[in-house]
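Undergrad: Using the sequences and the hints, build the whole thing.
So the sequence lines, in the order shown, correspond to chains Z and G. Last residue of the first sequence: 349 in numbering that gives the first Met the number 0, with the numbers rising by one and none dropped. Last residue of the second sequence: 349 in numbering that gives the first Met the number 0, with the numbers rising by one and none dropped.
Hints were generated in silico from the structure; no laboratory data involved. Be aware that a few hints might be false.
Put simply, identical chains are the same to the list, so a pair is met inside one copy or across any two.
Below, computed lysine to any residue pairings styled on SDA-like, alpha-carbon distance capped at 25 Å [stated by the list, open to error]:
#	residue 1	residue 2
1	K246	G216
2	K246	F37
3	K66	V314
4	K66	P162
5	K246	G264
6	K11	T327
7	K97	G148
8	K267	G148
9	K66	L54
10	K230	Q240
11	K267	A26
12	K11	G320
13	K66	G28
14	K267	R289
15	K97	D127
16	K53	G146
17	K66	L330
18	K53	S31
19	K66	S14
20	K66	A20
There are 2 protein chains.
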Amino acid sequence: MDETPVYGGAKKRPSTITDVAAEAGVAIGTVSRYLNGFPIRRGNRDQIEAAIAKLSYRRNAVAAAMKTDLTHMIGLLVPSFDEFHAVMLEDLARSVRKTGRALLTYCHSNDRRIMGEALDFFATQRVDALIMDGAPEVRDRVETLLGQGMPIIFYNNDIQGVPADRVMVENRMATHRAVSHLIDLGHRRIAILTGDMHDSSARLRLEGYQAALAERGIAGNPEYVVDGDWKSENAYQATRQLLALAKPPTAIFASNYGMAIGVLGWMKDQHLSVPDDLSLISFDDVALFRLHEVGITAIAQPLARIADVMTSLLVSRLGDGAELPARTMMLDCDIILRGSTRRIAASAGS
Amino acid sequence: MDETPVYGGAKKRPSTITDVAAEAGVAIGTVSRYLNGFPIRRGNRDQIEAAIAKLSYRRNAVAAAMKTDLTHMIGLLVPSFDEFHAVMLEDLARSVRKTGRALLTYCHSNDRRIMGEALDFFATQRVDALIMDGAPEVRDRVETLLGQGMPIIFYNNDIQGVPADRVMVENRMATHRAVSHLIDLGHRRIAILTGDMHDSSARLRLEGYQAALAERGIAGNPEYVVDGDWKSENAYQATRQLLALAKPPTAIFASNYGMAIGVLGWMKDQHLSVPDDLSLISFDDVALFRLHEVGITAIAQPLARIADVMTSLLVSRLGDGAELPARTMMLDCDIILRGSTRRIAASAGS
DNA sequence: TTGTAAGCGTTATCAA
DNA sequence: TTGATAACGCTTACAA
Numbered sequence: 000m001d002e003t004p005v006y007g008g009a010k011k012r013p014s015t016i017t018d019v020a021a022e023a024g025v026a027i028g029t030v031s032r033y034l035n036g037f038p039i040r041r042g043n044r045d046q047i048e049a050a051i052a053k054l055s056y057r058r059n060a061v062a063a064a065m066k067t068d069l070t071h072m073i074g075l076l077v078p079s080f081d082e083f084h085a086v087m088l089e090d091l092a093r094s095v096r097k098t099g100r101a102l103l104t105y106c107h108s109n110d111r112r113i114m115g116e117a118l119d120f121f122a123t124q125r126v127d128a129l130i131m132d133g134a135p136e137v138r139d140r141v142e143t144l145l146g147q148g149m150p151i152i153f154y155n156n157d158i159q160g161v162p163a164d165r166v167m168v169e170n171r172m173a174t175h176r177a178v179s180h181l182i183d184l185g186h187r188r189i190a191i192l193t194g195d196m197h198d199s200s201a202r203l204r205l206e207g208y209q210a211a212l213a214e215r216g217i218a219g220n221p222e223y224v225v226d227g228d229w230k231s232e233n234a235y236q237a238t239r240q241l242l243a244l245a246k247p248p249t250a251i252f253a254s255n256y257g258m259a260i261g262v263l264g265w266m267k268d269q270h271l272s273v274p275d276d277l278s279l280i281s282f283d284d285v286a287l288f289r290l291h292e293v294g295i296t297a298i299a300q301p302l303a304r305i306a307d308v309m310t311s312l313l314v315s316r317l318g319d320g321a322e323l324p325a326r327t328m329m330l331d332c333d334i335i336l337r338g339s340t341r342r343i344a345a346s347a348g349s
Numbered sequence: 000m001d002e003t004p005v006y007g008g009a010k011k012r013p014s015t016i017t018d019v020a021a022e023a024g025v026a027i028g029t030v031s032r033y034l035n036g037f038p039i040r041r042g043n044r045d046q047i048e049a050a051i052a053k054l055s056y057r058r059n060a061v062a063a064a065m066k067t068d069l070t071h072m073i074g075l076l077v078p079s080f081d082e083f084h085a086v087m088l089e090d091l092a093r094s095v096r097k098t099g100r101a102l103l104t105y106c107h108s109n110d111r112r113i114m115g116e117a118l119d120f121f122a123t124q125r126v127d128a129l130i131m132d133g134a135p136e137v138r139d140r141v142e143t144l145l146g147q148g149m150p151i152i153f154y155n156n157d158i159q160g161v162p163a164d165r166v167m168v169e170n171r172m173a174t175h176r177a178v179s180h181l182i183d184l185g186h187r188r189i190a191i192l193t194g195d196m197h198d199s200s201a202r203l204r205l206e207g208y209q210a211a212l213a214e215r216g217i218a219g220n221p222e223y224v225v226d227g228d229w230k231s232e233n234a235y236q237a238t239r240q241l242l243a244l245a246k247p248p249t250a251i252f253a254s255n256y257g258m259a260i261g262v263l264g265w266m267k268d269q270h271l272s273v274p275d276d277l278s279l280i281s282f283d284d285v286a287l288f289r290l291h292e293v294g295i296t297a298i299a300q301p302l303a304r305i306a307d308v309m310t311s312l313l314v315s316r317l318g319d320g321a322e323l324p325a326r327t328m329m330l331d332c333d334i335i336l337r338g339s340t341r342r343i344a345a346s347a348g349s
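TA: This is how it looks when you write it as structure tokens:
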């Protein structure tokens with residue numbers, strides 16, 4: 000069967016360790032040891048290197064993985080490759096690459112069915128570890144994977160009580176600071192566009208907002224708390240409604256950058272000015288906000304650090320730290336002050 | 000050896016097809032046939048399904064891949080996850096996912112050494128196919144992979160003469176059209192910021208620019224052709240120099256969006272206006288250009304179509320089209336007219 | 001329709 | 001240090 004002639008002039012199948020061993024005149028065990036960095040007699044080493052070059056041999060990681068149970072692939076499950084995830088991915092890919100691994104990416108588009116498929120896919124592919132935005136819908140599958148020894152890291156959103164590692168940012172504190180800043184600037188009528196309240200990050204950001212107001216003795220106004228569901232379009236409409244109130248807010252806190260863009264869109268369409276007619280702060284900083292005419296004040300997640308921390312968590316988990324208890328890493332966010340927030344007269348904000 | 004007790008309460012290792020067969024009281028061949036959709040006797044099927052559920056069994060794709068030589072992974076090699084690639088990746092991930100595969104992503108940061116590592120990594124991982132931005136530096140490795148039967152798709156930039164599939168956009172024609180549009184608006188002094196001339200896309204865009212000028216009898220001015228190397232910072236400096244010329248250009252064509260941003264940066268810093276002081280067209284359309292105050296006229300690559308075409312090319316290659324000759328798919332670009340290009344008096348532009 | 005067993009390309013064990 | 005060989009978990013003839 001192996002006699003089937005190969006047409007097209009090219010040797011089809013990649014060569015194997017057996018080919019290399021034959022070419023070099025040594026046993027396959029010797030080649031394997033060479034490949035894995037064990038000591039080899041000088042002469043044999045040269046033979047093997049020559050054979051590898053001649054055959055353009057590349058180790059078959061699939062076969063190796065079967066023995067070692069190590070695929071050198073990290074599963075990454077993200078909702079989409081929006082600006083936020085793209086930057087995170089960039090940093091993560093780089094930092095994972097340095098450990099000799101690569102990312103197997105799956106994008107679930109916020110479809111819970113696809114999230115399940117993704118988890119199955121990763122289980123099937125036997126990725127060495129998994130990084131994902133925690134979503135309560137797939138708790139069972141996640142627990143199964145953890146039970147089978149798959150290291151999992153949650154970021155962004157949590158699934159409470161699951162014994163996995165976590166890399167989170169100080170959502171509550173950062174929002175608290177941002178809203179306090181608005182208060183310092185004289186704002187009293189401050190609205191928030193919240194994310195999807197199923198997500199822990201949305202809840203924590205709302206808590207930070209409420210705490211900041213309460214601390215300064217500002218009564219919360221339910222009209223100022225709008226469910227934006229993370230979406231730009233909702234934020235666009237919400238801005239319209241907020242500004243139509245009898246007492247419109249003088250400032251809006253957008254719980255993510257997409258909703259901040261929705262706010263900007265409405266303001267632009269109405270020929271209203273940020274910050275003259277409305278101050279705006281966004282959770283998440285994106286390139287657009289830096290390049291925007293006045294600049295948008297934003298909470299910047301430390302994306303590069305998130306990536307690094309994830310990677311070192313992974314390395315420790317995949318090294319000798321497999322049995323350590325789950326760890327949660329909390330990272331601070333910076334508030335980048337730009338032109339979208341302005342001081343207003345105390346009277347105007349009451 | 001298998002007797003080693005497992006601590007921690009959880010069954011560590013994932014279960015295997017053998018476990019399922021034992022649990023269900025059938026042979027492993029039967030389980031395998033069930034998994035692969037072959038007909039199974041009703042009773043056995045129920046037994047197997049129950050066993051799979053009980054053991055939360057997931058097929059080990061690593062072992063399967065060893066037999067079938069199919070990993071269901073597509074390698075994707077990109078320079079970075081900038082805005083352009085992020086959107087492409089989003090579409091590609093979705094469209095690849097529908098075929099039951101996922102993307103193994105590697106980011107080379109324009110480092111030729113890392114590009115080589117990436118190709119080795121993909122070879123080692125035995126991805127089913129590879130999508131990459133063509134770069135002449137790795138021609139040898141690419142040819143080796145092709146010789147071993149790995150389907151490869153180039154996008155964006157070509158490696159001439161290599162028998163791979165290609166998905167390209169009409170760089171030349173789109174640039175020609177864009178520049179012609181500037182001429183139609185009365186511009187005569189039109190500058191171009193070129194990309195890195197090692198890249199075929201940069202060369203073709205320059206050709207389109209030159210052809211458009213020549214066709215309208217406008218003499219090319221070498222001072223107006225600036226090597227921007229795709230980089231924002233270079234474009235920033237180049238804009239300064241161009242506008243300092245005795246006869247400064249009235250319009251700039253930026254060969255990619257990064258350089259267009261550099262131009263905008265300089266204009267903003269100098270309190271100069273686009274389009275009043277300078278018209279601007281960018282190759283590549285990004286979210287920023289839509290949201291920009293006046294809007295930036297841009298050439299939009301059909302990213303979703305690129306992703307679809309790549310995927311169908313892949314599917315055909317991995318199906319029965321393995322022996323087909325290499326195909327090149329050329330896609331048209333749209334020119335999105337926005338506010339950054341304005342009509343000028345014919346006299347002003349001469 | 002099912003059971004049995006060979007084999008995919010490695011790694012790892014064991015003698016030599 | 002090396003060679004020979006038994007796994008790893010699956011697919012796929014082949015025989016029943």
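Undergrad: Each hint should be assessed against the structure and marked as holding or not.
TA: These are the hints, each one checked on the structure:
For the homomeric pair K246 and G216, the shortest alpha-carbon distance inside one copy (18 Å) is at most 25 Å, but the shortest distance between copies (62 Å) is not. Taking identical chains as interchangeable, the C-alpha atoms of K246 and F37 are never at most 25 Å apart, the minima being 75 Å within one chain and 67 Å between chains. Only within a single protomer do K66 and V314 lie at most 25 Å apart by alpha-carbon distance; the minimum there is 20 Å, versus 30 Å between protomers. For the identical chains of this complex, K66 and P162 are neighbours neither inside a copy (28 Å) nor across copies (35 Å), given an alpha-carbon limit of 25 Å.
For a Cα distance limit of 25 Å, the shortest separation of K246 from G264 inside one copy, 21 Å, qualifies, whereas the shortest one across copies, 38 Å, does not. Proximity of K11 to T327 under the C-alpha cut-off of 25 Å is restricted to the inter-copy arrangement: shortest distance 23 Å between copies versus 48 Å within a copy. Within a single copy, K97 and G148 get their C-alpha atoms as close as 24 Å, which meets the 25 Å cut-off; across copies the closest is 28 Å, which misses it. Taking identical chains as interchangeable, the C-alpha atoms of K267 and G148 are never at most 25 Å apart, the minima being 51 Å within one chain and 54 Å between chains.
In the homo-oligomer, the alpha carbons of K66 and L54 lie at most 25 Å apart both inside one protomer (24 Å) and across protomers (22 Å), since each shortest distance falls under that limit. Proximity of K230 to Q240 under the C-alpha cut-off of 25 Å is restricted to the intra-copy arrangement: shortest distance 15 Å within a copy versus 42 Å between copies. When the C-alpha separation of K267 and A26 is checked against a cutoff of 25 Å, the pair qualifies neither within a copy, at 72 Å, nor between copies, at 68 Å. With identical chains, the CA atoms of K11 and G320 are at most 25 Å apart between copies only, with a shortest distance of 15 Å across copies and 42 Å within one.
Within a single copy, K66 and G28 get their C-alpha atoms as close as 14 Å, and across copies as close as 21 Å, so both meet the 25 Å cut-off. Taking identical chains as interchangeable, the C-alpha atoms of K267 and R289 lie at most 25 Å apart whether they share a chain (17 Å) or sit on different chains (12 Å). In the homo-oligomer, the alpha carbons of K97 and D127 lie at most 25 Å apart both inside one protomer (15 Å) and across protomers (24 Å), since each shortest distance falls under that limit. When the C-alpha separation of K53 and G146 is checked against a cutoff of 25 Å, the pair qualifies only between copies, where the shortest distance is 14 Å, while the shortest distance within a copy is 45 Å.
Within a single copy, K66 and L330 get their C-alpha atoms no closer than 38 Å, and across copies no closer than 45 Å, so neither meets the 25 Å cut-off. Only within a single protomer do K53 and S31 lie at most 25 Å apart by alpha-carbon distance; the minimum there is 17 Å, versus 38 Å between protomers. Taking identical chains as interchangeable, the C-alpha atoms of K66 and S14 lie at most 25 Å apart whether they share a chain (19 Å) or sit on different chains (15 Å). With identical chains, the CA atoms of K66 and A20 are at most 25 Å apart both within one copy (19 Å) and between copies (21 Å).
The structure fails to meet hints 2, 4, 8, 11, 17 from the earlier list, while all remaining hints are met.
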